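Chemist: Required output: the full structure, derived from the provided sequences and hints.
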Amino acid sequence: MKKTFGVIALGLLLSLNMLSQNNNEVEYFDNVKCFDNEVVSFPRHEIRLNLLTAVLGIPEVNYEYFVQDNFGVGIALQAGLEDFTDMSYRAGAIPYGRLYFGHVPNSGFFIEGSAGLVYEKFYETYWIQNQRFEQLRKEPNIGLGVAVGYKFLAKNNWVGDIQIGAGRIFGHTDFGAYPRFGISIGKRF
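Those letters in the sequence shown? Residues 1 to 189, by the working numbering.
By construction, these hints were calculated from the structure, which means they are not laboratory data. Please read these numbers as outputs of a predicted model, since none were measured by experiment. We put the CB at the ideal spot given by N, CA and C, even for glycine. There could be a bad hint or two in this list.
[As the list claims (entries may be wrong)] The calculated label-pair distances, taken between Cβ atoms and stated as ranges, are:
hint : residue 1 : residue 2 : range
1    : 155       : 91        : 29 to 39 Å
2    : 99        : 130       : 51 to 61 Å
3    : 185       : 126       : 39 to 49 Å
4    : 127       : 170       : 19 to 29 Å
[As the list claims (entries may be wrong)] Heads up, simulated EDC-like pairs for lysine to aspartate or glutamate below, C-alpha to C-alpha not over 16 Å straight-line:
hint : residue 1 : residue 2
5    : 121       : 69
6    : 138       : 174
7    : 138       : 124
8    : 121       : 174
9    : 121       : 86
10   : 121       : 83
11   : 187       : 174
Modeler: What follows is the structure in structure tokens.
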């Protein structure tokens with residue numbers, strides 16, 4: 001009984017220690033040493049809208065979290081707005097990681113690796129004894145991709161992003177690739 005009480009008391013003390021907060025002026029800024037060992041604060045979250053893919057009928061919204069001053073992880077959500085007979089690509093959720101090479105935290109030239117979960121809808125055509133048949137296919141697939149680009153950062157935390165790349169879709173697919181290109185604008189917070 002005393003042992004159980006001691007373990008519970010120790011657990012409560014440890015959990016209270018974990019709940020302590022550091023009340024700085026701005027909670028979502030963290031101090032990080034940059035390349036030149038200067039300590040800087042920067043926001044850790046960013047949201048962007050890809051304007052180029054929106055014009056092409058596949059609007060894309062990105063959220064990125066900055067793990068370090070030169071590395072971020074994020075997710076891009078895409079949706080095909082055209083009729084599936086014109087464009088088989090229907091939707092995509094693409095988690096990615098980016099490695100930045102600029103002197104300002106998480107800006108400048110970057111390389112990106114991504115793993116996409118995409119959904120396509122298309123008619124598959126096949127022939128039997130000189131007769132044409134079409135079958136409607138709805139295919140979720142996975143893929144891997146790469147991209148390179150450049151991120152511009154303004155002093156008021158607005159960002160501009162230019163990137164080019166693609167991902168290969170594995171499995172039964174009509175298109176074979178998912179897009180990782182665009183011109184994006186967004187805001188860090």
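Chemist: If a hint holds in the structure, say so; if it does not, say that too.
Modeler: Right, here's what the structure says about each hint:
1. About 36 Å separates the C-beta atoms of residue 155 and residue 91, a value consistent with the hinted range of 29 to 39 Å.
2. Against the hinted window of 51 to 61 Å, the Cβ-Cβ separation of residue 99 and residue 130 comes to about 55 Å, which satisfies the hint.
3. One distance hint, 39 to 49 Å for the beta-carbon pair residue 185 and residue 126, holds here, with the actual separation near 44 Å.
4. Against the hinted window of 19 to 29 Å, the Cβ-Cβ separation of residue 127 and residue 170 comes to about 26 Å, which satisfies the hint.
5. Only pairs whose Cα atoms come within 16 Å are accepted, and residue 121 paired with residue 69 is rejected, the gap being roughly 40 Å.
6. Pair hint residue 138 plus residue 174 holds up; C-alpha atoms about 10 Å apart against a cutoff of 16 Å.
7. Of the pairs offered as hints, the one joining residue 138 and residue 124 holds, with about 10 Å between alpha carbons and a cut-off of 16 Å not exceeded.
8. The suggested pairing of residue 121 with residue 174 holds, with an alpha-carbon distance near 8 Å, which does not exceed 16 Å.
9. Proximity of residue 121 to residue 86 is assessed by CA-CA distance (about 10 Å); at most 16 Å being required, the pair is judged to hold.
10. Straight-line distance between C-alpha atoms of residue 121 and residue 83 comes to about 10 Å, which keeps the hinted pair within the 16 Å bound.
11. Among the hinted pairs, residue 187 with residue 174 is inconsistent with the structure: their alpha-carbon atoms are about 35 Å apart, more than 16 Å.
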